[in-house]
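Enquirer: Chains A and B supply the protein sequences, listed in that same order. Sequential numbering from 6 applies to the first sequence in the working numbering. Sequential numbering from 11 applies to the second sequence in the working numbering.
Bear in mind the hints are in silico, worked out from the structure with no lab data behind them. C-beta: ideal position from N, C-alpha, C; glycine also. Be aware that a few hints might be false.
To be verified - A few chain A positions that, by computed beta-carbon distances, are all more than 12 Å from chain B:
id, residue
1, Asn8
2, Ser48
3, Tyr81
To be verified - Below, a list of computed lysine to aspartate or glutamate pairs in the DMTMM-like style, where the Cα atoms sit at most 25 Å apart:
id, chain 1, residue 1, chain 2, residue 2
4, B, Lys105, A, Asp22
5, B, Lys105, A, Glu61
6, B, Lys19, A, Glu50
7, A, Lys62, B, Glu72
8, A, Lys83, B, Glu63
9, A, Lys105, B, Glu64
10, A, Lys74, B, Glu63
11, A, Lys62, B, Asp11
12, A, Lys105, B, Asp39
13, B, Lys19, A, Glu10
14, A, Lys105, B, Asp81
15, B, Lys105, A, Glu88
16, B, Lys67, A, Glu61
17, A, Lys62, B, Glu112
18, A, Lys63, B, Glu112
19, A, Lys64, B, Glu72
20, A, Lys47, B, Glu63
21, A, Lys63, B, Asp50
22, A, Lys74, B, Glu85
23, A, Lys83, B, Glu112
24, A, Lys105, B, Glu112
25, A, Lys105, B, Asp50
26, A, Lys47, B, Glu72
27, A, Lys64, B, Glu112
28, A, Lys105, B, Asp11
29, A, Lys63, B, Glu64
As the list claims (entries may be wrong) - Part of the chain B face toward chain A, derived, beta carbon under 8 Å:
id, residue
30, Ser12
31, Gly52
32, Tyr60
33, Gly62
34, Gly68
35, Ile70
36, Phe74
37, Ser75
38, Phe79
39, Pro80
40, Gly94
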Amino acid sequence: ILNVEQSPQSLHVQEGDSTNFTCSFPSSNFYALHWYRWETAKSPEALFVMTLNGDEKKKGRISATLNTKEGYSYLYIKGSQPEDSATYLCASLRIQGAQKLVFGQGTRLTINP
Amino acid sequence: DSGVTQTPKHLITATGQRVTLRCSPRSGDLSVYWYQQSLDQGLQFLIQYYNGEERAKGNILERFSAQQFPDLHSELNLSSLELGDSALYFCASRKSSGSENEQFFGPGTRLTVL
Numbered sequence: 006i007l008n009v010e011q012s013p014q015s016l017h018v019q020e021g022d023s024t025n026f027t028c029s030f031p032s033s034n035f036y037a038l039h040w041y042r043w044e045t046a047k048s049p050e051a052l053f054v055m056t057l058n059g060d061e062k063k064k065g066r067i068s069a070t071l072n073t074k075e076g077y078s079y080l081y082i083k084g085s086q087p088e089d090s091a092t093y094l095c096a097s098l099r100i101q102g103a104q105k106l107v108f109g110q111g112t113r114l115t116i117n118p
Numbered sequence: 011d012s013g014v015t016q017t018p019k020h021l022i023t024a025t026g027q028r029v030t031l032r033c034s035p036r037s038g039d040l041s042v043y044w045y046q047q048s049l050d051q052g053l054q055f056l057i058q059y060y061n062g063e064e065r066a067k068g069n070i071l072e073r074f075s076a077q078q079f080p081d082l083h084s085e086l087n088l089s090s091l092e093l094g095d096s097a098l099y100f101c102a103s104r105k106s107s108g109s110e111n112e113q114f115f116g117p118g119t120r121l122t123v124l
């Protein structure tokens, strides 16, 4: 994989249900993986920065896992609430001389009350 | 509020014109990043500055340039504007060291080229 890919592109979930989505990224020269939440009419806000293979981070009902060897990360949301509706972006940081974050297209999550 | 400020919030201009977007990073952050988000596209990295020097370059057109000043604020200059340059332009700042540091995004400048 050369680019950062996220799936699905969009997701509708019933309030109270749990959900997860995927970020695939180049595993070579891996340095860090960022997750951001982007609410409509606001700017992206950092959720997690993950660097170690097998890493698992949690913030309230949201958690993320990282597999750097195979190049994927999962974001989980437990017991979805309407305020979780947002676009979730992941971004890969590779060691390639100049470090720059490469963003995926995002997963647009809508929670139906 | 991320602590990153961007001005102006909205900008409407005509093709062929030149505009300057301004960004002030969070206090203490030495790195500034510029991104472009066009319709149906993800965030595209344009350029990064660190403590006044260009550090990384992404898909930035030759018509675009940026700089970071001694007080660490940054400006993105867009010239010979085309309709396709209409987009949301974000700047983000970050502490200089460590892979663990996230980027903090400003509110963005929405540029409309008519």
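Enquirer: All hints, please: hold or fail.
Expert: How the hints compare with the structure:
At roughly 10 Å from the closest C-beta of chain B, the C-beta of asparagine 8(A) falls inside 12 Å, breaking its exclusion from the interface. Annotated as non-interface, serine 48(A) brings its C-beta within 12 Å of a C-beta of chain B; the closest such distance is 4 Å. Every Cβ of chain B is farther than 12 Å from the Cβ of tyrosine 81(A); the closest lies at roughly 19 Å, confirming the non-interface assignment. Our distance criterion of 25 Å between C-alpha atoms is broken by lysine 105(B) and aspartate 22(A), whose separation comes to about 37 Å.
This hinted pair checks out: lysine 105(B) and glutamate 61(A) have alpha carbons roughly 23 Å apart, not beyond 25 Å. Between the alpha carbons of lysine 19(B) and glutamate 50(A) the distance comes to roughly 18 Å, so the proposed pair stays at or under 25 Å and holds. This hinted pair does not check out: lysine 62(A) and glutamate 72(B) have alpha carbons roughly 40 Å apart, beyond 25 Å. Of the supplied pair hints, the one linking lysine 83(A) and glutamate 63(B) is violated, its CA atoms being roughly 43 Å apart against a limit of 25 Å.
This hinted pair checks out: lysine 105(A) and glutamate 64(B) have alpha carbons roughly 12 Å apart, not beyond 25 Å. Under the criterion of a C-alpha separation no larger than 25 Å, the hint pairing lysine 74(A) with glutamate 63(B) is inconsistent with the structure, at around 33 Å. For the given pair, lysine 62(A) sits about 23 Å from aspartate 11(B) by alpha-carbon distance, which is consistent with the 25 Å threshold. With a CA separation close to 16 Å, the supplied pair lysine 105(A) and aspartate 39(B) stays within the 25 Å bound.
A hinted pair counts as satisfied when its Cα atoms are at most 25 Å apart, and lysine 19(B) with glutamate 10(A) does not qualify at roughly 30 Å. Proximity of lysine 105(A) to aspartate 81(B) is assessed by CA-CA distance (about 23 Å); at most 25 Å being required, the pair is judged to hold. Of the pairs offered as hints, the one joining lysine 105(B) and glutamate 88(A) is violated, with about 29 Å between alpha carbons and a cut-off of 25 Å exceeded. For the proposed pair lysine 67(B) and glutamate 61(A), the alpha carbon gap of about 31 Å is over 25 Å, so the pair is violated.
About 14 Å separates the Cα atoms of lysine 62(A) and glutamate 112(B), which keeps this hinted pair within 25 Å; it holds. The suggested pairing of lysine 63(A) with glutamate 112(B) holds, with an alpha-carbon distance near 16 Å, which does not exceed 25 Å. Only pairs whose Cα atoms come within 25 Å are accepted, and lysine 64(A) paired with glutamate 72(B) is rejected, the gap being roughly 41 Å. With a C-alpha separation of about 29 Å, the suggested pairing of lysine 47(A) with glutamate 63(B) is violated against the 25 Å cut-off.
Restraint check for lysine 63(A) and aspartate 50(B): not satisfied, since their Cα atoms lie roughly 30 Å apart, outside the 25 Å limit. Restraint check for lysine 74(A) and glutamate 85(B): not satisfied, since their Cα atoms lie roughly 38 Å apart, outside the 25 Å limit. Between the alpha carbons of lysine 83(A) and glutamate 112(B) the distance comes to roughly 23 Å, so the proposed pair stays at or under 25 Å and holds. Between the alpha carbons of lysine 105(A) and glutamate 112(B) the distance comes to roughly 12 Å, so the proposed pair stays at or under 25 Å and holds.
About 21 Å separates the Cα atoms of lysine 105(A) and aspartate 50(B), which keeps this hinted pair within 25 Å; it holds. A threshold of 25 Å between alpha carbons decides the hint, and for lysine 47(A) with glutamate 72(B) the separation of about 29 Å lies outside it, so the pair is violated. Among the hinted pairs, lysine 64(A) with glutamate 112(B) is consistent with the structure: their alpha-carbon atoms are about 15 Å apart, no more than 25 Å. A threshold of 25 Å between alpha carbons decides the hint, and for lysine 105(A) with aspartate 11(B) the separation of about 24 Å falls inside it, so the pair holds.
Proposed proximity of lysine 63(A) and glutamate 64(B) is contradicted: the alpha carbons are some 34 Å apart, above 25 Å. Because the closest C-beta pair between serine 12(B) and chain A is about 7 Å apart, less than 8 Å, the hint holds. The interface hint given for glycine 52(B) holds, since its Cβ lies 4 Å from the closest Cβ of chain A, which is under the 8 Å cut-off. A hinted interface residue such as tyrosine 60(B) counts as satisfied when its beta carbon comes closer than 8 Å to some beta carbon of chain A; here the least separation is about 10 Å, so the hint is violated.
Proximity of glycine 62(B) to chain A is violated relative to the hint, the smallest CB-CB distance being about 16 Å (cut-off 8 Å). Interface restraint check: glycine 68(B) against chain A, minimum CB-CB distance 6 Å, threshold 8 Å, status holds. At a threshold of 8 Å, the smallest CB-CB gap from isoleucine 70(B) to chain A is about 11 Å, leaving the interface hint violated. Contact between phenylalanine 74(B) and chain A, as hinted, is not supported at the beta carbon level, the nearest pair being about 16 Å apart and thus beyond 8 Å.
Interface hint at serine 75(B): violated, since its Cβ lies 17 Å from the closest Cβ of chain A, which is beyond the 8 Å cut-off. At about 21 Å, the closest approach between the beta carbon of phenylalanine 79(B) and any beta carbon in chain A exceeds 8 Å, and the interface hint on this residue is violated. Interface restraint check: proline 80(B) against chain A, minimum CB-CB distance 22 Å, threshold 8 Å, status violated. At its closest, the beta carbon of glycine 94(B) sits 19 Å from a beta carbon of chain A; the interface hint therefore is violated under the 8 Å criterion.
Checked against the numbered hints given earlier, this structure breaks hints 1, 2, 4, 7, 8, 10, 13, 15, 16, 19, 20, 21, 22, 26, 29, 32, 33, 35, 36, 37, 38, 39, 40; the rest are met.
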